[in-house]
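Chemist: Sequence:
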Amino acid sequence: MPLLISWDYGNTEVMHGRFTVGKANADIVVADEYLSAPHVVFWPQGEHWLAEDMASTNGTWLNGPERVYGPVKLSKGDKVRIGRTVLTVVPF
86 MPLLISWDYG NTEVMHGRFT VGKANADIVV ADEYLSAPHV VFWPQGEHWL AEDMASTNGT
146 WLNGPERVYG PVKLSKGDKV RIGRTVLTVV PF
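Counting with our numbering, you get residues 86 to 177 for the letters of the sequence shown.
Bear in mind the hints are in silico, worked out from the structure with no lab data behind them.
Be careful, since some hints might not be right.
What the hints assert, rightly or not - Pairwise CB distance ranges (calculated):
#1 His133 to Ser91: 12 to 22 Å
#2 Thr142 to Phe177: 31 to 41 Å
#3 Arg169 to Gly131: 11 to 21 Å
#4 Glu132 to Ala109: 23 to 33 Å
#5 Tyr154 to Tyr119: 14 to 24 Å
#6 Gly95 to Lys161: 10 to 20 Å
#7 Ser91 to Trp128: 29 to 39 Å
#8 Met86 to Glu118: 25 to 35 Å
#9 Gly162 to Gln130: 15 to 25 Å
#10 Arg169 to Glu132: 23 to 33 Å
#11 Pro156 to His101: 27 to 37 Å
#12 Gly162 to Trp128: 17 to 27 Å
#13 Thr173 to Tyr119: 15 to 25 Å
#14 Gly131 to Val99: 17 to 27 Å
Claimed, not checked - Subject to a maximum C-alpha distance of 20 Å in a straight line, what follows is the list of computed SDA-like cross-link-like pairs (lysine to any residue):
#15 Lys161 to Glu137
#16 Lys164 to Thr97
#17 Lys161 to Met100
#18 Lys108 to Arg169
#19 Lys108 to Lys158
#20 Lys108 to Val171
#21 Lys161 to Lys108
#22 Lys158 to Glu118
#23 Lys108 to Glu118
#24 Lys164 to Met139
#25 Lys164 to Asn143
#26 Lys164 to Trp128
#27 Lys161 to Glu118
#28 Lys164 to Ile90
#29 Lys161 to Val175
#30 Lys161 to Trp128
#31 Lys158 to Leu135
#32 Lys164 to Val174
#33 Lys161 to Gly131
#34 Lys161 to Thr173
#35 Lys158 to Gly144
#36 Lys108 to Phe177
#37 Lys164 to His133
Since the model is a prediction, treat every value here as computed from it, not as a measurement.
Every residue gets a Cβ at the ideal spot worked out from N, C-alpha and C, and that includes glycine.
Between the sequences and the hints, there should be enough to build the whole structure, so can you do that?
Modeler: What follows is the structure in structure tokens.
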């Protein structure tokens, strides 16, 4: 199942398998000084997508106040904040 991910004023990617996001050494590189390299990993599992922080310095947050430590299941429209960047995820 593909995942559409969007961030920063219209940047979008459609991903089909495991990928990382960070400020360097990642599948999706985002210009945000508060990110680690890489910062967060996403992967499909069955009919769902999961996300997990990769021991980043500033953490990964789901829908505001929920900090992500272990794998977390994502739902359509979830917002994953890494550094000052908010990633919106849309499984389809």
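Chemist: Taking the hints in turn, state whether each one holds.
Modeler: Here's how the hints hold up against the structure:
no.: 1; hint: His133 to Ser91: 12 to 22 Å; in the structure: 19 Å, holds
no.: 2; hint: Thr142 to Phe177: 31 to 41 Å; in the structure: 32 Å, holds
no.: 3; hint: Arg169 to Gly131: 11 to 21 Å; in the structure: 32 Å, violated
no.: 4; hint: Glu132 to Ala109: 23 to 33 Å; in the structure: 32 Å, holds
no.: 5; hint: Tyr154 to Tyr119: 14 to 24 Å; in the structure: 18 Å, holds
no.: 6; hint: Gly95 to Lys161: 10 to 20 Å; in the structure: 19 Å, holds
no.: 7; hint: Ser91 to Trp128: 29 to 39 Å; in the structure: 18 Å, violated
no.: 8; hint: Met86 to Glu118: 25 to 35 Å; in the structure: 33 Å, holds
no.: 9; hint: Gly162 to Gln130: 15 to 25 Å; in the structure: 19 Å, holds
no.: 10; hint: Arg169 to Glu132: 23 to 33 Å; in the structure: 31 Å, holds
no.: 11; hint: Pro156 to His101: 27 to 37 Å; in the structure: 19 Å, violated
no.: 12; hint: Gly162 to Trp128: 17 to 27 Å; in the structure: 19 Å, holds
no.: 13; hint: Thr173 to Tyr119: 15 to 25 Å; in the structure: 18 Å, holds
no.: 14; hint: Gly131 to Val99: 17 to 27 Å; in the structure: 19 Å, holds
no.: 15; hint: Lys161 to Glu137; in the structure: 17 Å, holds
no.: 16; hint: Lys164 to Thr97; in the structure: 14 Å, holds
no.: 17; hint: Lys161 to Met100; in the structure: 14 Å, holds
no.: 18; hint: Lys108 to Arg169; in the structure: 12 Å, holds
no.: 19; hint: Lys108 to Lys158; in the structure: 23 Å, violated
no.: 20; hint: Lys108 to Val171; in the structure: 14 Å, holds
no.: 21; hint: Lys161 to Lys108; in the structure: 25 Å, violated
no.: 22; hint: Lys158 to Glu118; in the structure: 26 Å, violated
no.: 23; hint: Lys108 to Glu118; in the structure: 7 Å, holds
no.: 24; hint: Lys164 to Met139; in the structure: 17 Å, holds
no.: 25; hint: Lys164 to Asn143; in the structure: 16 Å, holds
no.: 26; hint: Lys164 to Trp128; in the structure: 16 Å, holds
no.: 27; hint: Lys161 to Glu118; in the structure: 27 Å, violated
no.: 28; hint: Lys164 to Ile90; in the structure: 10 Å, holds
no.: 29; hint: Lys161 to Val175; in the structure: 5 Å, holds
no.: 30; hint: Lys161 to Trp128; in the structure: 15 Å, holds
no.: 31; hint: Lys158 to Leu135; in the structure: 5 Å, holds
no.: 32; hint: Lys164 to Val174; in the structure: 7 Å, holds
no.: 33; hint: Lys161 to Gly131; in the structure: 15 Å, holds
no.: 34; hint: Lys161 to Thr173; in the structure: 9 Å, holds
no.: 35; hint: Lys158 to Gly144; in the structure: 17 Å, holds
no.: 36; hint: Lys108 to Phe177; in the structure: 26 Å, violated
no.: 37; hint: Lys164 to His133; in the structure: 15 Å, holds
The structure does not agree with the numbered hints 3, 7, 11, 19, 21, 22, 27 and 36 stated previously, though it agrees with the rest.
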